[in-house]
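Asks: Here is what each chain is made of, one letter per residue.
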Amino acid sequence: MDNILAELQDIFRDILDQPDLVLTRASNAANVEDWDSLAHINLVTSIEKHYKIKFALGELQELKDVGDMIDLIQAKLAAK
Amino acid sequence: MNAYRWSDIHVGLQHGFEASFSPADVSAFAALSGDANPLHVDAAYAVAAGYPAPVIFGMLSASLYSRLVGVYLPGKFALLQGIDLDFSSPVFAGEKLNVSGVVTYLNEAYHRFEIKATIRKDDGKLVSRAMIRVGFHGE
Numbered sequence: 001m002d003n004i005l006a007e008l009q010d011i012f013r014d015i016l017d018q019p020d021l022v023l024t025r026a027s028n029a030a031n032v033e034d035w036d037s038l039a040h041i042n043l044v045t046s047i048e049k050h051y052k053i054k055f056a057l058g059e060l061q062e063l064k065d066v067g068d069m070i071d072l073i074q075a076k077l078a079a080k
Numbered sequence: 001m002n003a004y005r006w007s008d009i010h011v012g013l014q015h016g017f018e019a020s021f022s023p024a025d026v027s028a029f030a031a032l033s034g035d036a037n038p039l040h041v042d043a044a045y046a047v048a049a050g051y052p053a054p055v056i057f058g059m060l061s062a063s064l065y066s067r068l069v070g071v072y073l074p075g076k077f078a079l080l081q082g083i084d085l086d087f088s089s090p091v092f093a094g095e096k097l098n099v100s101g102v103v104t105y106l107n108e109a110y111h112r113f114e115i116k117a118t119i120r121k122d123d124g125k126l127v128s129r130a131m132i133r134v135g136f137h138g139e
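Protein sequence lines correspond, in order, to chains A and B.
Throughout the first sequence, residue numbering follows our numbering, covering 1 to 80 in sequence.
Throughout the second sequence, residue numbering follows our numbering, covering 1 to 139 in sequence.
Certain hints may be false.
Below 30 Å or equal to it, Euclidean Cα-Cα: the simulated DSSO-like pairs (lysine-lysine) are [unchecked claim]:
no., chain 1, residue 1, chain 2, residue 2
1, A, K64, A, K80
2, B, K121, B, K76
3, B, K116, A, K80
4, A, K49, B, K76
5, A, K76, A, K54
6, A, K64, A, K49
7, B, K76, A, K76
8, B, K116, B, K76
9, A, K80, A, K49
10, B, K96, B, K121
11, B, K96, B, K76
12, B, K125, B, K96
13, A, K76, A, K52
14, A, K80, A, K52
15, A, K64, A, K76
16, A, K54, A, K64
17, B, K116, A, K54
18, A, K49, B, K116
19, B, K76, A, K54
20, B, K116, A, K52
21, B, K116, B, K96
These aren't lab readings, by the way, just hints derived from the structure by calculation.
Next up, chain B with everything else stripped away, as it sits in the complex (with noise of 0.2 Å):
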């Protein structure tokens, strides 16, 4: 685990990783969640409704942004203040996924900076992007 202070934290400094589900974690989320909606946890709904599987839940493939941050960038002293995400395309259970994030805009005065982060499948297919605001703690 990284363990940045705002000192070390410049314009341009990235980090990323590799991560990727199976369906016990979709269920896994399905049940700490409780969000049962068909599409992601009954294989049978999702290919009627068109897509080859059941669909990992976006909050799920996000969830990789809150280990960009808290482990990677800026890691041990992270405070999460704030994401924008957009998702662009659906995942799929044992689908490589490739995390990446760079520092994009510090705030001196308040010691908070901006990354922005996407998550790509092997072929570069976005997945998702990302805003992510980050500050601080035991400052």
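Chain A extracted, bound-state conformation (with noise of 0.2 Å):
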């Protein structure tokens, strides 16, 4: 789980452009600067092709945070 965090982190630093965010399984839309509509779909499909996946917009509607982000790439990982 700590191994996608950090994964994920890697994603949003180059996404966002912003090269020393940290992120927390607390962070979402509303604390993280620039993570607007179109930078989650940017954040999203960089997401799928880093671990190969692919979202349904109903699971991606749910999502509260990266914490929740973070389960949901672990479920979908060892469904494959």
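Relying on the hints, combine the two individually framed chains into one complex.
Replies: This is how it looks when you write it as structure tokens:
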């Protein structure tokens, strides 16, 4: 799980162009600067490519924070 | 003009077209953009800088990516969301350019796709390459 958080942090730093961004499980669009709707699509696309997984819109709409995203990624990786 | 919807888009779908720019196009772009850099508008300066003629603005040639998306792929319902762009070689007025793009990735959740696109000269020399992110309006 820590590994996924570290990998997500790299993806977020790249997409949001914030090299010093520190991501936690509690990070969400309200407390991370520039995490807007278009950045969100770019983040999801990069995450899909990185882990070679696909998200459904319904799954994404249920996510409240990075912690939920990590749990969803873990579940998808376990099901592969 | 094409009018592809999301359900029509698939990885491997591709389109292309030919284009060229005249000196008048370059002057019009300079006036429109306000970019008066002499490399693009002053022939004597361009020659002194080592080029055979004024170099066409990179963003002018890159406007062909806008045509690729807005007219061909997907066409009418396009919503251009982003472009990563690299310029490889200069272009001069009158040169024939071949623009091509192929769908390389689909994001099912948000109905957004990616196009890997290039502009090449007639001899195949790469002018620029782009990764284009496209969504739809009016869905």
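Asks: Checked against the structure, which of the hints given earlier come out wrong?
Replies: 7
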